[in-house]
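Line by line, the protein sequences are chains A and B. Residue 199, in this note's numbering, is where the first sequence stops; the numbers in between run on with no holes. Residue 481, in this note's numbering, is where the second sequence stops; the numbers in between run on with no holes.
Honestly, the hints are just simulated from the structure, not real lab data. The reader is advised that the hints may include incorrect statements.
Unchecked claim - The following label-pair restraints were derived from C-beta to C-beta distances:
1. B:G414 - A:R120: 47 to 55 Å
2. A:T57 - B:V416: 34 to 42 Å
3. A:R170 - B:A275: 28 to 36 Å
4. B:G267 - A:R170: 17 to 25 Å
5. A:D92 - B:G208: 56 to 64 Å
6. A:R54 - B:D310: 49 to 57 Å
7. A:L189 - B:A458: 51 to 59 Å
Unchecked claim - With the C-beta cut set under 10 Å, the calculated list includes, among others, these residues of chain B facing chain A:
8. D42
9. Q45
10. G345
11. L351
12. D352
13. V416
14. R420
15. A425
16. P426
17. L430
18. T446
Just so you know, these numbers come straight off a predicted model, no measurement behind them. Quick reminder that beta carbons are idealized off the backbone N, C-alpha and C, glycines included.
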Amino acid sequence: MNIMWRWLFAGLLAAALGVWLVTLVLPGWLADPQPASGVPTAVSGDATPLEARRITASLFYVSPGGDALVAVDREVVYAPSPAAQARRIVDAQLAAAPAGQISAIPEGAEVRAVFLTSRGEAFVDISQAIAVNHPGGSVHEALTVYAIVNALTVNLPDVTAVQILIDGREVDTLAGHIDLRHPLSRGLRWIAQYADRP
Amino acid sequence: MARPLTIAGLLISLAWAAHARMQGPVSYRVITTDGVQALIVHASSGSTDIVTLDAVARLFGLLVRDDTRAGGVVVVSGNDRVILTAGQSTVSSGGRLVSLSGPVTRAGTTWLVPVDFLRALNRGIEVRRGSRVVVVAPATAPRVTARVERTSSGGRLVVTLDPGVATRVTREGPRVTIRAQATALDLEPLAGAPGDLVAGLRTDGPSLVVDLGSAVTNIRTEDTRDPTRVVIELVGTPAPVFDRPPGIQTVVIDPGHGGDEPGARSADGLLEKHLTLAVAQRVKALLEARLGLRVVLTRDEDTSVPSDRRAALANNNKADLFISLHANGSPSAALRGAQALGLDVSDYAGLDAGVRRQDAPALALPIAGGGTRVIDAVPWALAQLPMAAASSAFATTVVRRLSEAGVVMQTRAVDVAPLRVLVGAAMPAILIELGVLTNPEDARALTDPAHIERLADAIAIAVADVRLGAGGQ
Ligand SMILES: [Zn+2]
Chain A
2 MNIMWRWLFA
12 GLLAAALGVW
22 LVTLVLPGWL
32 ADPQPASGVP
42 TAVSGDATPL
52 EARRITASLF
62 YVSPGGDALV
72 AVDREVVYAP
82 SPAAQARRIV
92 DAQLAAAPAG
102 QISAIPEGAE
112 VRAVFLTSRG
122 EAFVDISQAI
132 AVNHPGGSVH
142 EALTVYAIVN
152 ALTVNLPDVT
162 AVQILIDGRE
172 VDTLAGHIDL
182 RHPLSRGLRW
192 IAQYADRP
Chain B
9 MARPLTIAGL
19 LISLAWAAHA
29 RMQGPVSYRV
39 ITTDGVQALI
49 VHASSGSTDI
59 VTLDAVARLF
69 GLLVRDDTRA
79 GGVVVVSGND
89 RVILTAGQST
99 VSSGGRLVSL
109 SGPVTRAGTT
119 WLVPVDFLRA
129 LNRGIEVRRG
139 SRVVVVAPAT
149 APRVTARVER
159 TSSGGRLVVT
169 LDPGVATRVT
179 REGPRVTIRA
189 QATALDLEPL
199 AGAPGDLVAG
209 LRTDGPSLVV
219 DLGSAVTNIR
229 TEDTRDPTRV
239 VIELVGTPAP
249 VFDRPPGIQT
259 VVIDPGHGGD
269 EPGARSADGL
279 LEKHLTLAVA
289 QRVKALLEAR
299 LGLRVVLTRD
309 EDTSVPSDRR
319 AALANNNKAD
329 LFISLHANGS
339 PSAALRGAQA
349 LGLDVSDYAG
359 LDAGVRRQDA
369 PALALPIAGG
379 GTRVIDAVPW
389 ALAQLPMAAA
399 SSAFATTVVR
409 RLSEAGVVMQ
419 TRAVDVAPLR
429 VLVGAAMPAI
439 LIELGVLTNP
449 EDARALTDPA
459 HIERLADAIA
469 IAVADVRLGA
479 GGQ
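Only chain B is shown next, with the shape it has when bound in the complex (with noise of 0.2 Å):
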């Protein structure tokens, strides 16, 4: 009997831990001129968060002392006395009363208090609940938000400090840096931000760091003499628009070779299997929270594949675009750079008439998840045949956005190949060679973090072009 309950525990534990991580942080920042400390949350409801008295006590140096007679506690705050009373949510300081968001309230020696009893100590200390921050008088932290939109010339950077305070632009290469005199900042997170324009954007402590993204070439900050706005603009390349036409909805990306089939190696050991499975992890991340698109993997962890299964999980998806991911290797060293790559249709026009019947039946087929979807059954061996044209366009485009990115293409950049994989594909459908591992340069860059995000923006680009009909059909 013990067992089943434990284990019903662990589950109903694991489900809270999961519950509390989609909950964000569980901590505040609280900012002082001292630095920045974090205040745990103990408990969190609808309308308050609660914390720990002890905590807040270790946190501003407070005494607390228990008074017995009136079922409460006194904190002494400086000159000031607060005194609290379990189950109220008044609680009386300096003889003046404070309201608080929810009742004081004691769990064994535990004092429970919402948050914003920090109030009530009279130090001008300010809580601001929806970005879990506390500010300590006299460090200052605005509020900070910043928008990313696109112009005729590439782009702009729009950030709004509240209240508004002096603010110095410096740039470093890929990084500008926007200085604020102020102790801290409180930023809102920047949420659908076009990569390519602005790839990250953080705060490190008065300062706002932002990383340009790969088709910003140049900036130049607008003297807007208003202390509560910054405008940057970001000169670089037209950069296609990241609305939603309609078209493309599903992609699959297919990380190549995989378990018992390492695929090509660098000197230094680096496989093609793990390096595809990388990029195309990050490929999806990008399509997914860029485009919203349906993103779909033939694997997603180190296994072995058939070519088969990769092009029917494209098929039985019904997705609008396939891309198989490898990496090169050459007997000569010399070779570099990347490519991608189209099926070459020659050989099989010959076999083509034997094998594909116009006038095949429809078929009802069981799909995951319940159901079933009629299908024409016209066999996929060879469906790649007639998408070869959209497909060679969607190669082209990608070249362009990888060089465009500073990537090194091979000589043949955009070239074709009797490529197994995407025989059967039936959809616009390209093989990407990230680069040689076989060559020293391309092997080294292909270990770094920031290539790999570079090679993975880029092929995210490029599926957004397609998607606008500037390349594909």
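Same shape as in the complex, but just chain A (with noise of 0.2 Å):
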């Protein structure tokens, strides 16, 4: 009795072990490891330790009308992938609002990973509290997912398109309005100053 069950634990941890590899790691392998030359060059100097060298970058918040986007110049820290940029960046999106900002991003969402495809998609892994915790209606949901988005496209050239899955798996949406089963394109139309365009 007692051996079955650690054979079927040892299973699992095994099972566990290849679902993280094919999940997590291997695109992170197959990913760009060249640093790109899009990524913002707003770099302190050379002399500085890598992890306190910071770069600028545009993140998003809500707007006081609640219909769209601001983005913030925010300092992020610096990161010698573009994988390893799109992370650091997506964690800044996800971390505390700035005093006088709302964020988009229900609390206790944490990246779990990204990483990016040679095609220039990045896929966002959330933990699942983006979902269960969101209050729902259609734009805030559009804003919780373009705040994301567009952090990424807007900062790094290399992105193109974005995916948001939650938990490791693909999902249809977060709040039940908007489509996340493919990546999605940069959202000009989500920000503030280029809402009223056409």
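Reassemble the complex: the two chains are provided individually, in unrelated frames, and hints are given to aid placement.
What follows is the structure, encoded as structure tokens:
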């Protein structure tokens, strides 16, 4: 009896390891390892240790009117590869909003992984809090999705589209409205300064 | 043995109760100068309504005495004596014979008489079987009919009174009262009136109360100098004609969310899923009553429905329009207003070639109720793409009708987004945000039944527009 449970446990562990390898690690390896030319170059002096270097990135928060995003310049930790930089940007986008800004991201949502494909698609894997804690409404959901999509596509020219995954899996929507079954390209129309454009 | 019989009995009585309900009112309104009372109909046949003699006696203060010698009963009404005999269709009243629409019968100790027996009482009683009204002199209750017609400047309400009496028309906001010099009114139900002109019509004692529809901005009473006619001009936006041109036959309405997906929520706990279902049911009722359309809801209770099934229901029913109803929520309490959205197709263009196949074969699929239907096997995954322009035109029409009805709209009233529920719909399809639940003013309005009616009415009028070719394709 005891032995059977031990085997079962070992099997599950192996399966979990396999899933982790395939969904999170492999795509990272497959992604372009060269630091792309398009990474924003507002990097502090070369003498600074890597961890202390910063880039300036546009992050997105809810406009006072509640129906669009506003871009706010923020400092984000520099990373040597596009995939790692993408991860830093999404981390910053999901962190608490700066004073005076409203976050479009539901509380408790955390980045699990970010990986890039050679076709310019970023896959952003986020913990399920982004769906479970979402208060709903198509406009709120669109702002949540496009805050993340725009944070990557606006700041990283190598990224042309973003697909949000939840707990490593493709999902239909976060809260019943916005189609997440395929990568979404930059949504300028959700940004307040562009929002009035046809 | 007893149990199956009991159940059968129960079913029969249920069926009978349902049947009785379908028969409409089961009592007469007895109009007197002292007020209105009810006379319950005991049984009804094609040619007559039967009431109990006891009920008649109670109502009119009659004395009823058995006449055992003649096998009948004697009714004393004032100075008159009315003699009834079981099985006979004539009664003797004050010495003259009065014929009835059916025979007098006796069930045990209960005497049953046709309702027109009241005429034999010599009290100036008028029995109107059609409207199930009894008028007892000196009370008066003119017969009233109303009809609503469209005109170039809006519409016209024509009320006829038979017999004619003096009337006075007053207006208070969206309510017009026509007060007649009478005890009460005998109103023939108004059928098929355009709801944007007249939303409701009812009597209140001697008054006819008219609830104006949302399209009416002003009224003008015509001086007819004719006591049998009241004519009121309904001035408003030239409204669509509710005739029946070809085009739209089936509309699928999708109440957003449901079951374990409540959607957005107001501070007071109003859930999007409940609101969308309530509005969907009203829109369905209006479209069926006014336009005679076939309307299918993707859910009619609080259940969770997958997105694909919602669009598939529209496709399988060959719907001409798909309307998904939602209510919004925003992290900013400032955002308010309704909205109509189409699909943002920009991100589907690349997927298009890979998924759609022009040479797809036709398939015979079984359909509900038996039989099969041949359909084109073009995958529905992206069926909305060729419909985008028509959907956007429909969204514009809906927004126009909502604004005309006084509904506050979002700044971006017509918008697009990559909306999951619309992607697979193979007909003009939109998502309507009825308001923003996180905004206090919108949340208050969305709990008001009059506002729900306003929203449903405007959506129904927009569908009528599309049907006429005024919107949509
Ligand atoms: Zn919704």
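Okay, the hints, checked on the actual structure:
1. B:G414 - A:R120: 47 to 55 Å: holds (50 Å)
2. A:T57 - B:V416: 34 to 42 Å: holds (39 Å)
3. A:R170 - B:A275: 28 to 36 Å: Taking Cβ atoms as reference, R170 of chain A and A275 of chain B lie about 33 Å apart, which means the hint holds.
4. B:G267 - A:R170: 17 to 25 Å: With Cβ atoms ~21 Å apart, the hint holds.
5. A:D92 - B:G208: 56 to 64 Å: holds (59 Å)
6. A:R54 - B:D310: 49 to 57 Å: holds (54 Å)
7. A:L189 - B:A458: 51 to 59 Å: Cβ of L189 of chain A to Cβ of A458 of chain B: about 40 Å, so the range 51 to 59 Å is violated.
8. D42: violated (57 Å)
9. Q45: Not OK, violated: Q45 of chain B not within 10 Å of chain A, min 53 Å.
10. G345: holds (9 Å)
11. L351: holds (9 Å)
12. D352: holds (8 Å)
13. V416: violated (13 Å)
14. R420: holds (6 Å)
15. A425: Result: holds, 5 Å to nearest chain A Cβ.
16. P426: holds (5 Å)
17. L430: holds (9 Å)
18. T446: holds (7 Å)
The structure does not agree with the numbered hints 7, 8, 9 and 13 stated previously, though it agrees with the rest.
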